[in-house]
Amino acid sequence: MTKADLVIKMADGTGITKAAAEKALNNLIAAVSAALAKGDKITLVGFGTFDVAKRAKREGRNPRTGQAITIPASKVVRFKAGNKLRDAIK
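Numbering (the UniProt record's numbering), first residue to last: 1 to 90.
No wet-lab data here; the hints were simulated from the structure. Relax, there's no trap hidden among the hints.
In silico SDA-like links for lysine to any residue, alpha-carbon gap of 20 angstroms or less:
1. K57 - P72
2. K38 - D51
3. K41 - A30
4. K54 - S33
5. K75 - A37
6. K3 - N26
7. K75 - T49
8. K41 - A31
9. K54 - I42
10. K54 - G39
11. K38 - N27
12. K9 - L25
13. K3 - G15
14. K41 - K80
15. K80 - G46
16. K54 - F79
17. K54 - S74
18. K9 - I29
19. K57 - V77
20. K38 - T49
21. K38 - A73
22. K9 - L28
23. K84 - D51
24. K84 - I42
25. K38 - V77
26. K54 - V76
27. K54 - L36
28. K90 - V45
Label pairs and their in silico Cβ distance ranges:
29. N26 - G60: 27 to 37 angstroms
30. T2 - A31: 17 to 27 angstroms
31. A34 - K9: 21 to 31 angstroms
32. K38 - L6: 17 to 27 angstroms
All figures in this text were calculated on a predicted structure; none of them were measured in a lab. For each residue, glycine too, the CB sits at the ideal point set by N, CA and C.
Taking the hints into account, I'd like the entire structure generated from these sequences.
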(Lines of atoms letter the chains of each structure in order from A and count residues from 1; the text may use other names and numbers.)
(Lines give C-alpha, C1' and ligand atoms only; values in the text may rest on other atoms or scores of the structure.)
Protein backbone atom coordinates (compact mmCIF):
# COMPACT_ATOMS: atom_id res chain seq x y z
CA MET A 1 0.00 0.00 0.00
CA THR A 2 1.32 3.40 -0.95
CA LYS A 3 0.77 6.74 0.77
CA ALA A 4 -1.81 7.63 -1.89
CA ASP A 5 -3.69 4.38 -1.23
CA LEU A 6 -3.67 5.12 2.49
CA VAL A 7 -5.02 8.64 1.89
CA ILE A 8 -7.90 7.18 -0.14
CA LYS A 9 -8.67 4.62 2.60
CA MET A 10 -8.62 7.35 5.26
CA ALA A 11 -10.91 9.61 3.20
CA ASP A 12 -13.38 6.81 2.48
CA GLY A 13 -13.39 5.54 6.06
CA THR A 14 -13.98 8.92 7.66
CA GLY A 15 -16.06 10.73 5.06
CA ILE A 16 -13.57 13.58 4.68
CA THR A 17 -12.00 14.82 1.48
CA LYS A 18 -8.80 13.33 0.11
CA ALA A 19 -7.08 16.68 0.63
CA ALA A 20 -8.05 16.72 4.30
CA ALA A 21 -7.00 13.09 4.71
CA GLU A 22 -3.62 13.81 3.10
CA LYS A 23 -3.12 16.84 5.35
CA ALA A 24 -3.94 14.72 8.43
CA LEU A 25 -1.55 11.97 7.33
CA ASN A 26 1.24 14.47 6.62
CA ASN A 27 0.74 16.01 10.07
CA LEU A 28 0.87 12.58 11.70
CA ILE A 29 4.11 11.74 9.89
CA ALA A 30 5.62 15.10 10.86
CA ALA A 31 4.61 14.70 14.51
CA VAL A 32 6.00 11.16 14.71
CA SER A 33 9.24 12.21 13.01
CA ALA A 34 9.71 15.22 15.31
CA ALA A 35 9.04 13.17 18.45
CA LEU A 36 11.46 10.43 17.40
CA ALA A 37 14.11 13.01 16.50
CA LYS A 38 13.87 14.33 20.08
CA GLY A 39 14.28 10.78 21.37
CA ASP A 40 10.69 10.39 22.56
CA LYS A 41 8.80 7.10 22.51
CA ILE A 42 5.41 6.96 20.76
CA THR A 43 2.84 4.42 21.93
CA LEU A 44 -0.40 3.87 20.03
CA VAL A 45 -2.31 1.43 22.25
CA GLY A 46 -3.28 -1.68 20.30
CA PHE A 47 -1.26 -0.64 17.24
CA GLY A 48 2.32 -0.50 18.47
CA THR A 49 5.25 1.46 19.80
CA PHE A 50 7.88 3.48 17.95
CA ASP A 51 11.18 4.31 19.62
CA VAL A 52 14.78 5.16 18.81
CA ALA A 53 17.62 2.74 19.57
CA LYS A 54 21.34 3.37 19.48
CA ARG A 55 23.36 0.98 17.38
CA ALA A 56 26.98 0.73 18.49
CA LYS A 57 30.01 1.00 16.20
CA ARG A 58 30.84 -2.43 14.81
CA GLU A 59 33.06 -4.26 12.39
CA GLY A 60 31.69 -5.41 9.05
CA ARG A 61 32.91 -6.74 5.74
CA ASN A 62 32.82 -5.22 2.29
CA PRO A 63 30.82 -7.83 0.33
CA ARG A 64 32.81 -7.24 -2.87
CA THR A 65 36.32 -7.41 -1.49
CA GLY A 66 35.87 -9.13 1.86
CA GLN A 67 37.92 -6.36 3.46
CA ALA A 68 37.09 -5.48 7.09
CA ILE A 69 35.43 -2.08 7.55
CA THR A 70 34.18 -0.15 10.56
CA ILE A 71 30.47 0.62 10.52
CA PRO A 72 29.90 3.83 12.53
CA ALA A 73 27.47 4.11 15.44
CA SER A 74 23.98 5.24 14.47
CA LYS A 75 20.42 5.68 15.66
CA VAL A 76 17.64 3.51 14.23
CA VAL A 77 13.87 3.59 14.53
CA ARG A 78 12.30 0.49 16.04
CA PHE A 79 8.65 -0.58 15.91
CA LYS A 80 7.06 -3.18 18.14
CA ALA A 81 3.57 -4.27 17.09
CA GLY A 82 0.77 -4.11 19.66
CA ASN A 83 -1.55 -6.98 20.53
CA LYS A 84 -4.45 -5.87 18.33
CA LEU A 85 -2.17 -5.50 15.30
CA ARG A 86 -0.57 -8.90 15.91
CA ASP A 87 -3.98 -10.51 16.27
CA ALA A 88 -5.24 -8.80 13.10
CA ILE A 89 -2.51 -10.29 10.92
CA LYS A 90 -2.77 -13.87 12.22
